[in-house]
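Residue numbers (this note's numbering), protein chains in the order written: chain A, 466 to 802; chain B, 25 to 346.
It is worth saying that the hints were derived from the structure and are not from the lab. One or more of the hints may lead you astray.
Computed, partial: chain B to chain A, Cβ under 7 Å [stated by the list, open to error]:
1. A127
2. I139
3. A153
4. M156
5. N182
6. D341
Just so it is clear, CB atoms sit at the ideal spot from N, CA and C, and this is done for glycine as well.
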Amino acid sequence: MAKMMLREAINKTIHDEMERDKNIVIMGEDIVGGMGTAGGPEAIGGIWGLTGGLYAKFGANRVIDTPISESCIVGAAAGAALAGKRAIAELMFADFVGVCLDQLYNQMAKFRYMFGGKTKCPVTVRITYGAGMNAAAQHSQAVYSMLTSIPGLKVVMPTTPADAKGLLTTAIRGDDPVMFFEHKTLYGISGEVPDGEYLLPFGNARMTREGNHASIVTCGQLVRAAEKAADALAKDGISCDVIDLRTTSPLDEECILDSVENTGHLIVADESPPRCSLASDIAGLVASKAFAALKAPIEMVTAPHTPVPFARELEKAYLPNAAGIEAAVRRSLAYRH
Amino acid sequence: MPLSKDQLRRAYRQMKTIREFEERLHLEIATGDIAGFTHLYCGQEAVAVGVCEHLANDDFIVSTHRGHGHCIAKGCDVVGMMKEIYGRRDGLCKGKGGSMHIADVNVGMLGANGIVGAGAPLAVGAGVAARMDGAGKVSIAFSGDGACNQGTTFEAMNMAVVLKLPVIFVYENNHYSEHTGADYAVGSKDMTKRAAGFGMLARKADGCDFFAVYDLMTEVLQHCRSGAGPASVELDTERFFGHFEGDPQRYRGPGELERLRETRDCLKNFRATAKARKLIDLAELDAIDAQVMQLIESAVTQARAAPVPQAADVFEDVYVTY
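Looking at chain B on its own, in the form it has when it is part of the complex:
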């Protein structure tokens, strides 16, 4: 079924919000006002949004160290996220987690995760919970091409098949496991075939094309929600920044980033498709762009002005009771 104009506007807004959130963070981090390690999602927006636009609040996702995009796509509050990354007391996690640990279980976002490959077992557990609840809920494990080589990921894929759980392993292949090429680190070269070897439905699509991701997920989610067991989806995508902010990216080829920005930009692709298929007036997208810029500006202003945590806050939130 084709997307309605409302759905198109929403999907574009979500992608644009992630893009500008990350572009702005890139600049803010350079000022030195943001502490710690940050891994930007810029370039991969069509994956998070193409998947999460299918999900309800009570479907679950488990994210990665590169998690801002998944958070926004699943409905985390953008201002709360910006405050968290700034380490503010009223950030989404009270300044206790930071960029790598943003979570909001109320929207089914079970956490970004600093440990590569740790998320897939958690997603299996969320799949167990989803099945106990019935009603066709699903659990999504976002992983990169790096995480797909961790033993935990293999355990999780096997267990999901054995238990026939409603879990979808979404592999964002951005071609770099940190600073190492996926062609080197993925021994089989083809992670989709490898996933199929676990005995699950395994598909792939162009992760820079929102419409391709969305359409593939329609089919895969139908499979999982019907109780037919887990699935794997590999999405070919690109990251526009380094592994972390400050990464000199000496592994990139000459002109690579410029070429990716030119030819593999999911927002440009969205606009091109929208125009070619006459899906929506581009002026509407321009208006969304302006609104998003305002939102991000406001988020940064609020984050900068927000109160910092107090030393005594260190001791809070370790246990529910102790």
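If we strip away everything but chain A, and leave its shape as in the complex, we get:
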């Protein structure tokens, strides 16, 4: 075990995997940084500090600093994968999914299917996402719900440094396209990370709190808000399951349904806007598969149906938080027919 920040866990995992497998190539904007400048290569190493040291170690054929061309970055990763490589692509902000959606949605997601299962497309697209840094409407979105809806893609969201290592290793070594969402406010959190080989299977949620009164299902940044809410409720004798989904595709349905069967109260906390969201997806799942267990209407704590605003006060009002989750649990428990 070693204590490190989530960003360090990601950087180290990429280093380790590229060392292990010479077939891996990584590409993205400023992942080397400083190319064509007085500062020279490695002046940056990724704006989030995630790709430092790769260029010096693995060279220009495998560590590819690209122009600002998101469609071509994602498309080239997919093309390299079809041609037998294992590719990691970086999207500096999740909002840029809007720029390159065709390459995700029509191309890499569908190759295996369209080609009759005779090919694979091992690409990990690392995507920095989420609100909380006042980056406004085009640099703050949580677009994982949209990508979760696309058959052929897997969607992963680590919330601890250990999970970052375990899930990223699984993503890189796997043979399917993975959308690897990294919340920008979580890069700096610290935690113990297992040494050596550490892989986490997809579709296995993590129960971070256990209880009997309510089930809080969430992912990404809101896991910490849910834990805070659960800890506050515990002081009043209300105990909650807090489920960190880790991956939204595949989804650990069993963990969610078992928890709701036990508690009868479901609160879904989701950073994306409410329509066609992860929250509505899980609400639908539970309503159709565990209806009889429900003792109250399902509570969905989500961002509003608005773009992400800029000003501190507005963004704070936009983001779901611990108080909102706590209130939702109390509402659910207070519900009477």
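Since the structure of chain A is already known, use the hints to place chain B on it.
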């Protein structure tokens, strides 16, 4: 270096196979027995074959929605293709892809593509892979005059230059972006000059003349395989059918198709050149014609008789593991 008789026979056979595959599909589609949208390559054979006859199995190509010709030229199984277009279970893609999504990575054919302009970024990635492998492998992006106006194509050309990748952008200018003239839709009118503006070697040739295409590609491939960076090739060609099967082609001028068939047929041109330069006995080409007709007849017979997919097959092949 002049082509050997074997190379000539092979090139002609490939062109003739594409031609008859497409001519036959035109008739088969009219019967109503083939589902979906089909875009025929008929008329452009000298491009696919003139390029792909230079390629090895481990060179890569990325194709378009008009991809049958590229598939055959790169070595996809013709019977498997016919079965795929018929939507059969043992088609090349198990009936999951159809005409617009035929692929066979084992022969370096990374897929036809239903999205115009989506292929060039994929070819850049295959170029990245080719360079990692060393050994002078190349990646070819086939695009039409329509795709050359997509932003993805511009991104891909720029990135290939920046990264000095072994990628060749082959533009098949058949003068129609779907139902719109290239003279209208290509703002600069000259896509070769535009490609040169990206900072790459940019050349053009008559895409209805196999020998012109082949000779130009000899030079361009030498450039790319040596590590000198990407190139663009514009090939002036013609499509003998509509954008898709069923297209009424009201955009064509009077007598245009008859004139194209008469004066711009790459197979006729091949024969004329072969005769004028005494390259090969035309009777040999006649024999190839007969063999190709047999192959296509057999492909259609096998495709019609092949089993259809089962409903449960819908759920297969989405992921490797899930």
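Chain A contact restraint for B/A153 - C-beta distance below 7 Å:
Constraint on B/A153 satisfied, holds at 4 Å.
When the nearest CB of chain A is found for B/I139, is that gap smaller than 7 Å?
Result: holds, 5 Å to nearest chain A Cβ.
Interface hint check: B/A127, Cβ to nearest Cβ on chain A, cutoff 7 Å. Holds or violated?
4 Å, holds
May I ask you to test the interface hint for B/M156 with respect to chain A, counting a Cβ-Cβ separation under 7 Å as satisfied?
5 Å, holds
Given a cut of 7 Å on the nearest C-beta pair, is the interface hint for B/N182 held or broken against chain A?
6 Å, holds
B/D341 as an interface hint toward chain A, with CB separation required under 7 Å:
With Cβ-Cβ at 3 Å, under 7 Å, it holds.
Checked against the numbered hints above, the structure violates none of them.
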